[in-house]
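Starting from the known structure of chain A, arrange chain B on it as the hints suggest.
Residue numbers (the working numbering), protein chains in the order written: chain A, 1 to 148; chain B, 1 to 85.
Simulated from the structure, these hints should not be mistaken for laboratory data. Don't take each hint at face value.
Think about it this way: if two alpha-carbon atoms lie no more than 20 Å apart in a straight line, the pair counts; the simulated EDC-like pairs of lysine to aspartate or glutamate are [to be verified]:
hint : chain 1 : residue 1 : chain 2 : residue 2
1    : A       : K58       : A       : E135
2    : B       : K53       : A       : D141
3    : A       : K148      : A       : E65
4    : A       : K2        : A       : E109
5    : B       : K53       : A       : E135
6    : A       : K58       : B       : E75
7    : B       : K53       : A       : D140
8    : B       : K14       : A       : E109
9    : B       : K14       : A       : E50
10   : A       : K2        : A       : E66
11   : A       : K68       : A       : E50
12   : A       : K58       : B       : D74
13   : A       : K17       : A       : E66
14   : B       : K2        : B       : D27
15   : A       : K58       : B       : D27
16   : A       : K124      : B       : E13
Here's the letter readout for the chains.
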Amino acid sequence: MKIAVQRDDFDAGLEIKNISRNGKIGAIASFVGLVRDVNDGAAVGTMTLEHYPGMTEKALAAIVEEAKGRWEVLDCTVIHRYGELKPTDQIVLVAVASGHRGEAFAACEFLMDYLKTRAPFWKKEQTPEGARWVEAKAADDDAAERWK
Amino acid sequence: MKIRVLYFASVREKLGRHAEEMDLPADVSTIAGLRSHLGARGGVWADALADSKLLRTAVNQDMVPPQATIKAGDEVAFFPPVTGG
Numbered sequence: 001m002k003i004a005v006q007r008d009d010f011d012a013g014l015e016i017k018n019i020s021r022n023g024k025i026g027a028i029a030s031f032v033g034l035v036r037d038v039n040d041g042a043a044v045g046t047m048t049l050e051h052y053p054g055m056t057e058k059a060l061a062a063i064v065e066e067a068k069g070r071w072e073v074l075d076c077t078v079i080h081r082y083g084e085l086k087p088t089d090q091i092v093l094v095a096v097a098s099g100h101r102g103e104a105f106a107a108c109e110f111l112m113d114y115l116k117t118r119a120p121f122w123k124k125e126q127t128p129e130g131a132r133w134v135e136a137k138a139a140d141d142d143a144a145e146r147w148k
Numbered sequence: 001m002k003i004r005v006l007y008f009a010s011v012r013e014k015l016g017r018h019a020e021e022m023d024l025p026a027d028v029s030t031i032a033g034l035r036s037h038l039g040a041r042g043g044v045w046a047d048a049l050a051d052s053k054l055l056r057t058a059v060n061q062d063m064v065p066p067q068a069t070i071k072a073g074d075e076v077a078f079f080p081p082v083t084g085g
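Next up, chain A with everything else stripped away, as it sits in the complex (with noise of 0.2 Å):
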């Protein structure tokens, strides 16, 4: 398991391939979230990613072991990025290994679900009418909250 969180860019390959491999292992499913050139109408120059360290480690390990409590989750990467990037730019990478695809999937969509709503990021855009925080969206905890 390697939980990182760190201001420089990762190769989302090169994480896939330092997964572990063993003859148990079937399927590995992964995400790269990205940042966008615009949100909620307005065109974004640069995003800077704030956290909180120390409980966004805290909480990222905790998100993963509850994936672990529920589907089989051999092994799992999770990197998220904070300090200023630009569109285009990768922020979070979670990887997941299982026997078979659909745990993968699973457990790949439950942890970005929850890093969403659990893990202390704070995004910060600057647009042309200047800089704003990202509120956070509704849709986003319901999307937490159906794994209930």
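Frame of chain A, contents of chain B only:
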């Protein structure tokens, strides 16, 4: 009772402060109580911590509800709903 309080994102910006050590009065023992106590400083504090503002709180880096209790040495944090991912 001494505690450490941290502020993040829009709350930190509004308050112009990231962290502070404070000595809690004896009658303040919960997150909700601390929020009112800080809000009573007035000005940006009253605004940023107003009941109408949707805030999340953590004690010792775990998210907790407003009724959670605080003890000496705790690290308490106030922040807006998270928006990572």
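These are the hints, each one checked on the structure:
A hinted pair counts as satisfied when its Cα atoms are at most 20 Å apart, and A/K58 with A/E135 does not qualify at roughly 23 Å. Proximity of B/K53 to A/D141 is assessed by CA-CA distance (about 17 Å); at most 20 Å being required, the pair is judged to hold. Under the criterion of a C-alpha separation no larger than 20 Å, the hint pairing A/K148 with A/E65 is consistent with the structure, at around 15 Å. Restraint check for A/K2 and A/E109: the C-alpha separation of about 17 Å stays at or below 20 Å, so the hint holds.
About 12 Å separates the Cα atoms of B/K53 and A/E135, which keeps this hinted pair within 20 Å; it holds. The hinted pair formed by A/K58 and B/E75 meets the criterion: a straight-line CA distance of about 14 Å does not exceed 20 Å. Distance restraint check for B/K53 and A/D140: the Cα-Cα separation of roughly 19 Å lies within the 20 Å cut-off, and the hinted pair is therefore satisfied. With a C-alpha separation of about 34 Å, the suggested pairing of B/K14 with A/E109 is violated against the 20 Å cut-off.
Note on B/K14 and A/E50: the hinted pairing holds, with a Cα-Cα distance of about 15 Å set against a maximum of 20 Å. A C-alpha spacing of about 15 Å is found between A/K2 and A/E66, which places the hinted pair at or below 20 Å, so the restraint holds. Note on A/K68 and A/E50: the hinted pairing is violated, with a Cα-Cα distance of about 27 Å set against a maximum of 20 Å. Simply put, A/K58 and B/D74 have alpha-carbon atoms about 16 Å apart, close enough for the 20 Å limit, and the pair holds.
For the hint pairing A/K17 with A/E66, the CA-to-CA distance comes to about 24 Å; that exceeds 20 Å, so the pair is violated. Between the alpha carbons of B/K2 and B/D27 the distance comes to roughly 13 Å, so the proposed pair stays at or under 20 Å and holds. Straight-line distance between C-alpha atoms of A/K58 and B/D27 comes to about 31 Å, which puts the hinted pair past the 20 Å bound. Note on A/K124 and B/E13: the hinted pairing holds, with a Cα-Cα distance of about 11 Å set against a maximum of 20 Å.
Violated hints, in rising order: 1, 8, 11, 13, 15; the structure is consistent with all others.
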